[in-house]
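There are 2 protein chains.
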Amino acid sequence: MAMPHTLTTEILIQMLRAGDERALNAALEDIHPHDIAQAAADLDDESLWTLLQRIRPPLNAEVFSHLSIDRQVQLAESRAPQDAADLLESMPSDDRVDLVQQLDEESREDILGAMEEPQRRDVQRLSLYRQGTVGSVMSSDVATLQADLSVTAALARLREMAAQKETIYYNYVVDADGRLLGIVSLRALILADPAARLRDLMNEEVVALHVDDPVEDAARLIREYDLLALPVITAEGRLAGIVTVDDVLDVAEDEATEDFHKFGATGLGRISLNEATVGLLYRRRIVWLMVLVFVNIFSGAGIAAFEQTIQSVVALVFFLPLLIDSGGNAGSQAATLMVRALATGEVVLKDWARMLGKEFGVALALGATMAAGVSLISAFRAPEVVVVVAPAMVLIVLAGSLIGMLLPFVLTRLRMDPATASGPLITSLADISGVMIYLGLATWLLRGQISAAGGL
Amino acid sequence: MAMPHTLTTEILIQMLRAGDERALNAALEDIHPHDIAQAAADLDDESLWTLLQRIRPPLNAEVFSHLSIDRQVQLAESRAPQDAADLLESMPSDDRVDLVQQLDEESREDILGAMEEPQRRDVQRLSLYRQGTVGSVMSSDVATLQADLSVTAALARLREMAAQKETIYYNYVVDADGRLLGIVSLRALILADPAARLRDLMNEEVVALHVDDPVEDAARLIREYDLLALPVITAEGRLAGIVTVDDVLDVAEDEATEDFHKFGATGLGRISLNEATVGLLYRRRIVWLMVLVFVNIFSGAGIAAFEQTIQSVVALVFFLPLLIDSGGNAGSQAATLMVRALATGEVVLKDWARMLGKEFGVALALGATMAAGVSLISAFRAPEVVVVVAPAMVLIVLAGSLIGMLLPFVLTRLRMDPATASGPLITSLADISGVMIYLGLATWLLRGQISAAGGL
Chain A
2 MAMPHTLTTE ILIQMLRAGD ERALNAALED IHPHDIAQAA ADLDDESLWT LLQRIRPPLN
62 AEVFSHLSID RQVQLAESRA PQDAADLLES MPSDDRVDLV QQLDEESRED ILGAMEEPQR
122 RDVQRLSLYR QGTVGSVMSS DVATLQADLS VTAALARLRE MAAQKETIYY NYVVDADGRL
182 LGIVSLRALI LADPAARLRD LMNEEVVALH VDDPVEDAAR LIREYDLLAL PVITAEGRLA
242 GIVTVDDVLD VAEDEATEDF HKFGATGLGR ISLNEATVGL LYRRRIVWLM VLVFVNIFSG
302 AGIAAFEQTI QSVVALVFFL PLLIDSGGNA GSQAATLMVR ALATGEVVLK DWARMLGKEF
362 GVALALGATM AAGVSLISAF RAPEVVVVVA PAMVLIVLAG SLIGMLLPFV LTRLRMDPAT
422 ASGPLITSLA DISGVMIYLG LATWLLRGQI SAAGGL
Chain B
2 MAMPHTLTTE ILIQMLRAGD ERALNAALED IHPHDIAQAA ADLDDESLWT LLQRIRPPLN
62 AEVFSHLSID RQVQLAESRA PQDAADLLES MPSDDRVDLV QQLDEESRED ILGAMEEPQR
122 RDVQRLSLYR QGTVGSVMSS DVATLQADLS VTAALARLRE MAAQKETIYY NYVVDADGRL
182 LGIVSLRALI LADPAARLRD LMNEEVVALH VDDPVEDAAR LIREYDLLAL PVITAEGRLA
242 GIVTVDDVLD VAEDEATEDF HKFGATGLGR ISLNEATVGL LYRRRIVWLM VLVFVNIFSG
302 AGIAAFEQTI QSVVALVFFL PLLIDSGGNA GSQAATLMVR ALATGEVVLK DWARMLGKEF
362 GVALALGATM AAGVSLISAF RAPEVVVVVA PAMVLIVLAG SLIGMLLPFV LTRLRMDPAT
422 ASGPLITSLA DISGVMIYLG LATWLLRGQI SAAGGL
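Taken in order, these protein sequences are the chains called A and B.
Residues in the first sequence are numbered from 2 upward in steps of one, following the working numbering.
Residues in the second sequence are numbered from 2 upward in steps of one, following the working numbering.
Just so you know, these hints were derived from the structure itself, not from any lab.
A couple of the hints might just be wrong.
For identical chains, the list gives no copy identity; a pair is met inside one copy or between any two copies.
List of simulated lysine to any residue pairs, SDA-like, C-alpha gap at most 20 Å [said to hold, decoys possible]:
#1 K166 <-> R121
#2 K351 <-> L229
#3 K351 <-> A19
#4 K359 <-> S273
#5 K359 <-> R284
#6 K351 <-> F361
#7 K166 <-> S137
#8 K359 <-> A154
#9 K359 <-> Y283
#10 K166 <-> D105
#11 K359 <-> G268
#12 K351 <-> S273
#13 K359 <-> E206
#14 K166 <-> R188
Let the hints inform the model, and build the full structure from the sequences given.
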């Protein structure tokens with residue numbers, strides 16, 4: 002890719018040493034805040050703060066927003082509350098509330114106390130929305146216009162507001178009480194007769210979200226309608242904010258990480274690997290591992306119940322890992338497909354019966370093919386157990402696949418995340434059913450040999 | 002969420018029966034093409050085609066673009082090539098090339114032959130880019146402006162172009178040869194002095210992609226820079242098209258599905274569950290399952306090598322599934338964390354040593370805790386094997402974790418997708434190492450008992 006800028010930490014240090022604020026701001030004018038933040042991240046706290054003081058607002062707040070959240074917290078907590086508050090006042094409202102929520106309690110109170118009334122109230126209002134709702138990720142920096150404005154007057158208003166608003170491409174038309182009436186894009190304003198009123202120009206068929214809607218809905222609507230932003234309204238129909246497409250991209254990535262982590266039974270949720278210390282990784286991972294140890298006791302108990310059979314025909318043990326793993330593998334495949342399809346909304350709860358029929362057919366064919374494979378191995382290695390191993394494979398793959406396919410639906414029905422049906426959990430459940438099927442079938446089919454050896 | 006429109010299939014049928022084209026277009030004017038397509042999808046082919054003929058272009062082509070790709074193919078292949086070509090000419094260029102690539106060869110040639118020259122060449126050019134590159138998802142409907150234009154002239158040009166372009170919010174400034182010089186947003190044009198020249202107004206620090214860059218780069222840049230679109234340039238620096246954020250959202254979702262499917266060893270790649278028939282599911286899933294059957298033969302061979310040990314101390318078998326599963330589970334966790342972190346770019350190849358150190362510490366703590374748990378069970382059930390089971394657990398969890406952690410890095414080094422280190426593959430590899438560690442340790446630690454029973 003082509004990125005022509007060449008801003009480095011060294012250049013920033015030189016600029017700071019030179020001490021010429023005007024030259025600094027001129028040099029940074031056309032550079033994206035993300036790139037400035039990248040180069041600034043390697044500065045020590047003192048130099049970084051000096052830089053942020055010298056860059057003109059609101060660019061300094063945008064650069065600050067592009068630093069890692071940990072660095073933001075560290076800087077904000079180490080400064081005089083009034084200095085931190087001045088910077089936070091110019092931040093994008095969604096990034097600002099994320100930061101305030103991460104501050105320690107004392108700093109939070111001090112900094113909020115030092116902020117101007119409107120910005121403080123904005124933070125407090127946005128903090129009220131539960132995690133995972135549209136309200137918790139929306140920005141309140143939304144451009145609103147009154148319905149009676151003419152196109153010329155509306156464009157003049159937008160010119161005044163442009164600097165502080167997240168986007169001026171989608172503009173929302175509201176009544177005197179702030180209720181959402183319609184939407185008018187900048188594109189439509191550019192194309193319209195300058196004398197027309199917004200009331201006659203606006204599109205009233207607005208796709209909007211409620212503050213309490215799950216944030217996944219925003220991603221889905223933005224994708225389906227090819228939008229850049231969605232308005233968010235309160236229960237009374239008042240415009241509360243907007244969700245923009247870059248918020249949704251972040252949420253989509255976090256969602257995918259969460260599903261992936263859950264399906265791998267890591268216990269980490271949305272926490273990324275770099276954020277997690279050894280201690281945290283241990284505490285989160287041990288929970289599922291110990292649960293699975295106790296689930297696996299049932300496999301052991303199953304084997305103990307068939308001790309006599311194993312002692313009579315030890316060759317059965319050779320195939321134990323292969324058979325129970327095969328059930329677990331087919332089950333993991335089925336669970337993977339269902340968990341992902343439920344997550345993307347491609348499959349919904351009521352599809353379970355249709356999916357069961359499909360999986361039954363696939364699993365039967367898989368089991369038959371694998372039985373043929375394992376018969377071949379068995380014929381060379383331990384021909385005395387072919388008669389058990391082949392039918393056991395068919396039944397074990399069928400059982401594993403159906404467990405893997407059904408568990409995500411059962412969890413969805415119980416209002417749990419289907420990804421809780423993790424690969425390791427499915428594997429352990431398939432193992433229990435595999436041990437029972439295999440050794441039960443062996444005991445029955447080989448009863449002649451077993452009683453000859455002194456059992457039963 | 003709030004969606005005020007109430008368009009249904011029945012209303013569309015009534016409108017078609019009434020036969021008033023003007024009333025139809027007036028009624029649909031403010032409704033999003035996605036919603037029209039949703040309501041129209043339930044019409045039979047004949048009515049749907051009549052509807053598309055009566056809606057004014059380019060809205061009819063936008064509605065057509067929002068139908069499922071299968072329906073688009075079905076309709077296009079069943080119509081006279083000239084009729085299909087007329088509709089395709091007004092489609093967004095990225096959707097159009099996707100459709101043309103899905104047509105059967107005869108229809109493709111006929112329809113391309115019936116299309117106007119510029120649109121035909123556009124399809125042919127876009128078809129050349131390899132899947133997974135930025136070129137294969139970009140749109141060529143990009144608004145370009147010459148550097149010498151004044152703001153007033155540029156706005157006039159944009160008004161003319163607005164209907165056919167994907168976005169007029171980001172506009173690209175090019176020289177006479179089509180080389181990208183800079184970017185000027187509609188926001189900047191609205192705020193600027195009307196007499197200013199674009200050359201002096203444009204931002205030359207453009208973040209751009211090359212046509213051959215991987216599409217994942219587009220997602221990452223759009224997220225990092227909070228952009229709505231990215232320009233795409235050829236090797237010669239000519240502007241070839243743009244990638245918009247809604248293209249990237251689709252790609253991000255497909256990527257996540259692919260990784261998920263790969264990690265579950267389903268063999269499905271980007272194919273979604275609903276698209277896959279029973280036959281396809283069977284063919285894709287059996288490949289990995291059979292590979293794993295043959296990998297698991299090594300577990301069986303390991304067990305066979307220790308037949309004497311098992312026959313002497315049958316209680317060892319009770320703990321076999323529990324121990325080998327524990328290694329697989331810890332390994333799956335480690336692989337999940339690495340695969341996801343490598344996919345999001347949070348961890349890169351050169352971090353492997355740091356990750357190894359971290360994983361070693363975590364795995365040792367996990368193994369010790371699980372050894373304590375399994376000792377407790379063993380003390381009640383089979384006290385004679387505690388001395389083997391506890392140290393075996395520590396070593397097995399350590400081995401499984403390190404396999405799960407390292408394999409994604411090894412695959413990345415070999416230029417393969419790290420997600421190929423699937424849960425089932427890690428489980429099977431951890432099983433082999435688990436069998437060897439457990440039974441090897443048992444043979445050594447219990448050598449007194451085993452020789453007393455007549456072995457060794």
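Structure-based check of each hint:
1. K166 <-> R121: Close inside one copy (17 Å), not across copies (41 Å); limit 20 Å.
2. K351 <-> L229: Close neither inside one copy (32 Å) nor across copies (37 Å); limit 20 Å.
3. K351 <-> A19: Classified as neither; 68 Å inside a copy, 37 Å across copies.
4. K359 <-> S273: Answer is between: at 14 Å across copies they meet the 20 Å cutoff, but 36 Å inside does not.
5. K359 <-> R284: Close across copies (14 Å), not inside one copy (39 Å); limit 20 Å.
6. K351 <-> F361: within (17 Å within a copy, 44 Å between copies)
7. K166 <-> S137: within (18 Å within a copy, 33 Å between copies)
8. K359 <-> A154: neither (60 Å within a copy, 61 Å between copies)
9. K359 <-> Y283: For K359 and Y283, only the inter-copy Cα distance (10 Å) is at most 20 Å; the intra-copy one is 39 Å.
10. K166 <-> D105: neither (29 Å within a copy, 48 Å between copies)
11. K359 <-> G268: So K359 and G268 pass the 20 Å test across copies only (17 Å; inside, 31 Å).
12. K351 <-> S273: The answer is between: 18 Å across copies meets 20 Å, while 33 Å in one copy does not.
13. K359 <-> E206: neither (40 Å within a copy, 53 Å between copies)
14. K166 <-> R188: This pair counts as both: shortest intra-copy Cα distance 17 Å, inter-copy 11 Å.
Comparing the model with each numbered hint stated earlier shows that hints 2, 3, 8, 10 and 13 do not hold.
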